[in-house]
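Visitor: Build out the structure end to end from the sequences listed, making use of the hints.
Each residue of the sequence shown is one higher than the one before, starting from 3 at the first, in this note's numbering.
Worth flagging that the hints you see were computed from the coordinates, not collected in a lab.
Since the model is a prediction, treat every value here as computed from it, not as a measurement.
Check the hints yourself; a few may be wrong.
To be verified - The calculated lysine-lysine pairs, modelled on DSS-like cross-linking and capped at a C-alpha distance of 27 Å, are:
#1 221 / 69
#2 196 / 185
#3 185 / 221
#4 191 / 202
#5 244 / 99
#6 92 / 69
#7 221 / 200
#8 200 / 82
#9 185 / 244
#10 83 / 220
#11 51 / 80
Unchecked claim - Per label pair, the in silico range of CB-to-CB distance:
#12 241 / 92: 39 to 45 Å
#13 200 / 49: 40 to 46 Å
#14 244 / 95: 38 to 44 Å
#15 220 / 61: 33 to 39 Å
#16 220 / 99: 26 to 32 Å
#17 61 / 26: 42 to 48 Å
#18 200 / 68: 23 to 29 Å
#19 25 / 226: 41 to 47 Å
#20 37 / 61: 33 to 39 Å
#21 244 / 30: 24 to 30 Å
#22 220 / 30: 17 to 23 Å
Where is the CB? At the ideal position from N, CA and C, for every residue including glycine.
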Amino acid sequence: MGNRLGVVILFLLSHFCFGQTQLRQSLHGQVINDSIAVENGYVFNLNSKTTTFIGANGFFDIMAMPKDTLLLTSLALKSKKMVLTDMDFKQRLFVVKTELFNNQLKEVVVRKQITPKILSSKEILGMKFMDDAQSSPINRTMPYYGIENGADFGEIFTLIGGLFKKKNGKKLSTLPDEIFMEKVQRDFKPEFFKNTLKLKDEEVALFLIFCEADENAKKILNSNNTFQMMDFLITKNIAFKKLLQSK
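Guide: Next comes the structure, spelled out in structure tokens:
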């Protein structure tokens, strides 16, 4: 009886130790670029649904583990998605090399027939969104794992994840996140997201994930119609704002 009890205890301890090795740990990283010094942006852990701020000189800290997927976003840089490996945690500093965005708007050919839907943007431009006045100062000397002055990333991301499934339970055929993000951020300047859509820096990547979940995103993206994409983003922004306000 005593031997059986010892075997059971040993079995449980081995599973406990194995489980401890699977816990997320702090990943110390730095975002670099050959042309500019990276001073802002966000890193999302798509598995744990957490986020952290990219601070001075591109340094960041985020809780993660091997096989977690990180999404890096900044208005000045191309969004980048990375799947972590065991080797990434063995390095003293996890370095992420990035590329600059060419935010020049492509040449637009104006034809006689213009979609009337673009007129709806006037109503959106007149809308005002109140900032959160109840936020508290953030100590930048300590790692931060939330979104400042924003809705809870975990709850919103969970809701957005549900949009990728049809009512019958089948998964929608979607574009890779980086393709949609790069296309939209290349065609629209940062001022469009900040001034027209009234989005905060940390909300841009989440908003584009929200848009990409729409079945019409692929069709609009392939049409290469800037005005149609603009109207799509403005329309989706209304739904996105309602989603944020509901939390």
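Visitor: Each hint needs a verdict: does it hold in this structure or not?
Guide: To see whether the hints hold, each was checked on the structure:
1. A hinted pair counts as satisfied when its Cα atoms are at most 27 Å apart, and residue 221 with residue 69 does not qualify at roughly 31 Å.
2. For the hint pairing residue 196 with residue 185, the CA-to-CA distance comes to about 17 Å; that is within 27 Å, so the pair holds.
3. For a cut-off of 27 Å, the pair hint linking residue 185 to residue 221 stands: about 13 Å separates their Cα positions.
4. Proposed proximity of residue 191 and residue 202 is supported: the alpha carbons are some 14 Å apart, at most 27 Å.
5. Proximity of residue 244 to residue 99 is assessed by CA-CA distance (about 35 Å); at most 27 Å being required, the pair is judged violated.
6. Distance restraint check for residue 92 and residue 69: the Cα-Cα separation of roughly 14 Å lies within the 27 Å cut-off, and the hinted pair is therefore satisfied.
7. With a C-alpha separation of about 25 Å, the suggested pairing of residue 221 with residue 200 holds against the 27 Å cut-off.
8. A threshold of 27 Å between alpha carbons decides the hint, and for residue 200 with residue 82 the separation of about 23 Å falls inside it, so the pair holds.
9. Distance check on the hinted pair: residue 185 and residue 244 sit about 25 Å apart at the alpha-carbon level, within 27 Å; holds.
10. Between residue 83 and residue 220 the alpha-carbon distance is near 19 Å, which keeps this suggested pair within the 27 Å criterion.
11. Between residue 51 and residue 80 the CA atoms are separated by roughly 21 Å; this keeps the pair inside 27 Å, and the hint holds.
12. Between residue 241 and residue 92 the CB atoms are about 43 Å apart, so this pair conforms to the stated range of 39 to 45 Å.
13. At about 29 Å, the beta-carbon gap between residue 200 and residue 49 misses the expected band of 40 to 46 Å.
14. At roughly 41 Å, the beta-carbon separation of residue 244 and residue 95 lies within the given 38 to 44 Å, and the hint holds.
15. About 36 Å separates the C-beta atoms of residue 220 and residue 61, a value consistent with the hinted range of 33 to 39 Å.
16. Distance hint check for residue 220 and residue 99: the Cβ-Cβ separation is about 29 Å, which falls inside the suggested range of 26 to 32 Å.
17. Between residue 61 and residue 26 the C-beta distance comes to about 19 Å, which lies outside the given range of 42 to 48 Å.
18. The beta-carbon spacing between residue 200 and residue 68, approximately 38 Å, falls outside the hinted interval of 23 to 29 Å.
19. Between residue 25 and residue 226 the Cβ separation comes to about 46 Å, which falls inside the hinted range of 41 to 47 Å.
20. Separated by about 18 Å at the C-beta atoms, residue 37 and residue 61 break the suggested range of 33 to 39 Å.
21. The supplied range of 24 to 30 Å is broken by residue 244 and residue 30, whose beta-carbon atoms lie about 37 Å from each other.
22. Here the CB-CB span from residue 220 to residue 30 is close to 37 Å, at odds with the stated 17 to 23 Å.
Violation of the numbered hints given earlier is confined to hints 1, 5, 13, 17, 18, 20, 21, 22; the remaining hints are satisfied by the structure.
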